[in-house]
Amino acid sequence: MQVSVSLTVNGKAVTAAVEPRTLLVQLLREHLELTGTHVGCDTSQCGACVVHVDGASAKSCTLLAVQCDGTSITTIEGLAKDGVLHPMQEAFREHHGLQCGFCTPGMVMSAVDLLQHNAKPSETEIREWLEGNICRCTGYHNIVKAVQHAAQQMGG
Amino acid sequence: MYAFTYQKPTTIAAAVAALGADADAKPVSGGQTLIPTLKQRLAAPTALVDLAKIPELAGITVAGDTLTIGAMTRHATVADSADVKRLIPALAALAEGIGDPQVRNRGTIGGSIANNDPAADYPAGCLGLGATIVTNRRELAADAFFTGMFSTALDDGELVTAVKFTKPKRAAYVKFPNPASRYAIVGVFVAETAGGIRVAVTGAGAGVFRATALEAALASKGFAAASLDGVAVSADGLNSDIHASAEYRAHLITVMAKRAVAAAG
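Taken in sequence, the protein lines are chains X and H. Residue numbering for the first sequence is 2 to 157, as defined by this note's numbering. Residue numbering for the second sequence is 558 to 822, as defined by this note's numbering.
Treat each hint with caution, since some may be false.
To be verified - Calculated cross-link-like contacts (lysine to any residue; reagent style SDA-like; alpha-carbon spacing at most 25 Å): (1) H/Lys610 x X/Ala14; (2) X/Lys146 x H/Pro736; (3) H/Lys642 x X/Arg128; (4) H/Lys565 x X/Gln27; (5) X/Lys121 x H/Asp637; (6) H/Lys642 x X/Glu124; (7) H/Lys726 x H/Glu653; (8) H/Lys596 x X/His32; (9) X/Lys82 x X/His150; (10) H/Lys583 x X/Thr72; (11) H/Lys583 x X/Gln27; (12) H/Lys610 x X/Asn11; (13) H/Lys596 x X/Thr72; (14) H/Lys610 x X/Thr75; (15) X/Lys146 x X/Phe103; (16) X/Lys13 x H/Lys565; (17) H/Lys596 x H/Lys610; (18) H/Lys642 x X/Leu116; (19) H/Lys596 x X/Glu31; (20) H/Lys596 x X/Cys42; (21) X/Lys82 x X/Ala120; (22) H/Lys596 x X/Phe103; (23) H/Lys642 x X/Glu129; (24) H/Lys596 x X/Ala17; (25) H/Lys565 x H/Ala575; (26) H/Lys596 x X/Thr23; (27) H/Lys642 x X/Gln117; (28) X/Lys121 x H/Ala636; (29) H/Lys596 x X/Ser5.
Simulated from the structure, these hints should not be mistaken for lab results. The structure displayed is predicted, hence computed values, not measured ones.
For reference, chain X alone in the conformation it holds in the complex (with noise of 0.2 Å):
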């Protein structure tokens, strides 16, 4: 049986028939092709598939669809603003905060919601608040990097 979902997805609205059971990040990726936000564990544990739901983020791989109905959502497509990259993955670029590249739509997402809260985060602060979010290549030191440089361009 399917219902029917309507959400705002990086600015425009979205309606799409779903089944209950169908998680948001297979909204985003299978239903609107949006496949910048990737599936790495499957099980809440490593962050890749992080979100913002209503600004705050979120791991879409643990979220029904059916729940975001009336939300708006911003994934890594929806950073950057007319060809522009967001400073967060300005500095991504900037630092090399990346090895393979498979966790970092879900660093760069976790990492613009800790400065949300925290403009001007230490090094343990960024650590920590990147509990959720796992770098199989280990590429922390340049993310870290990256997050600072991003907090100071951002004017924290």
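We have chain X; now place chain H onto it with these hints.
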């Protein structure tokens, strides 16, 4: 995941009616435990009743020294609440230590205690503070609410609506997290309340429990870490797995309790 139907009622009465109409329906609050469980096909409810749009379940209110936290209140909201930080900073710190930021943005206090995972943090906070669990039918002392592994005193058709906490004289929560899962191998919440000193332990047994030997030592020798020197907790009935033996967990209970007493000041 097996298929299910989905409803999002806007009143407690409608939620209870929906759950009552189907014995295999389940309520979902934050879903941070339930959805992974469904994905692994460890549960197969026929219907999910989402509690997220019921206004009566949301929010934190203060009356004197009493905090009332609605069942649908997210962990991040409790962690950031100026009222919780002012009245019971140990509870805000406990919420701040659950899972990771994304889990805290979704997970709820009502969902956590209704699930009563034997390694969850909130049951220790509720039992340690002597909280009152409010349901759509009655009010229950935390001592009567938590009844064992993944089980509570909730009856069919009964939902947690809020948890009431009274400001303690002092309190703290310290846990020894599993380095991979971050669940508590042992977590201890200590509180000096109007009703006495309480020590609640999570992670170590089949469910949250009070360490009465530690409570007695703190009551008789004073609220200080040194009062727990040489006070042993029995390993009988404690969990034993690849992460920690029952004897190790028993040892950790006293160690965590001493650290919590010291942190409570």
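Each hint tested on the structure:
1. Of the supplied pair hints, the one linking H/Lys610 and X/Ala14 holds, its CA atoms being roughly 21 Å apart against a limit of 25 Å.
2. For a cut-off of 25 Å, the pair hint linking X/Lys146 to H/Pro736 stands: about 24 Å separates their Cα positions.
3. Between the alpha carbons of H/Lys642 and X/Arg128 the distance comes to roughly 23 Å, so the proposed pair stays at or under 25 Å and holds.
4. Distance hint between H/Lys565 and X/Gln27 is fulfilled; the C-alpha atoms sit about 21 Å from each other, no more than 25 Å.
5. The hinted pair formed by X/Lys121 and H/Asp637 meets the criterion: a straight-line CA distance of about 17 Å does not exceed 25 Å.
6. A distance of roughly 24 Å separates the Cα atoms of H/Lys642 and X/Glu124; the hinted pair therefore holds under the 25 Å criterion.
7. Restraint check for H/Lys726 and H/Glu653: the C-alpha separation of about 21 Å stays at or below 25 Å, so the hint holds.
8. Proposed proximity of H/Lys596 and X/His32 is supported: the alpha carbons are some 19 Å apart, at most 25 Å.
9. The suggested pairing of X/Lys82 with X/His150 holds, with an alpha-carbon distance near 19 Å, which does not exceed 25 Å.
10. With a CA separation close to 23 Å, the supplied pair H/Lys583 and X/Thr72 stays within the 25 Å bound.
11. Distance check on the hinted pair: H/Lys583 and X/Gln27 sit about 22 Å apart at the alpha-carbon level, within 25 Å; holds.
12. For the proposed pair H/Lys610 and X/Asn11, the alpha carbon gap of about 23 Å is at most 25 Å, so the pair holds.
13. Pair hint H/Lys596 plus X/Thr72 holds up; C-alpha atoms about 23 Å apart against a cutoff of 25 Å.
14. Using a Cα cut-off of 25 Å, the hinted pair H/Lys610 and X/Thr75 holds, with the two alpha carbons roughly 21 Å apart.
15. With a C-alpha separation of about 18 Å, the suggested pairing of X/Lys146 with X/Phe103 holds against the 25 Å cut-off.
16. With a CA separation close to 24 Å, the supplied pair X/Lys13 and H/Lys565 stays within the 25 Å bound.
17. Taking the CA atoms of H/Lys596 and H/Lys610, the gap is near 23 Å; set against the 25 Å cutoff, the hint holds.
18. For the hint linking H/Lys642 to X/Leu116, the alpha-carbon distance of about 21 Å falls within 25 Å, and the restraint holds.
19. As the CA atoms of H/Lys596 and X/Glu31 are separated by approximately 18 Å, the hinted pair is consistent with the 25 Å bound.
20. With a C-alpha separation of about 12 Å, the suggested pairing of H/Lys596 with X/Cys42 holds against the 25 Å cut-off.
21. Proximity of X/Lys82 to X/Ala120 is assessed by CA-CA distance (about 21 Å); at most 25 Å being required, the pair is judged to hold.
22. At roughly 22 Å between alpha-carbon atoms, H/Lys596 and X/Phe103 fall within 25 Å of each other, so this suggested pair holds.
23. A threshold of 25 Å between alpha carbons decides the hint, and for H/Lys642 with X/Glu129 the separation of about 20 Å falls inside it, so the pair holds.
24. With a CA separation close to 22 Å, the supplied pair H/Lys596 and X/Ala17 stays within the 25 Å bound.
25. For the suggested pair H/Lys565 and H/Ala575, the alpha carbons sit about 10 Å apart, so the restraint of at most 25 Å is met.
26. Simply put, H/Lys596 and X/Thr23 have alpha-carbon atoms about 11 Å apart, close enough for the 25 Å limit, and the pair holds.
27. Simply put, H/Lys642 and X/Gln117 have alpha-carbon atoms about 20 Å apart, close enough for the 25 Å limit, and the pair holds.
28. Using a Cα cut-off of 25 Å, the hinted pair X/Lys121 and H/Ala636 holds, with the two alpha carbons roughly 19 Å apart.
29. Our distance criterion of 25 Å between C-alpha atoms is met by H/Lys596 and X/Ser5, whose separation comes to about 21 Å.
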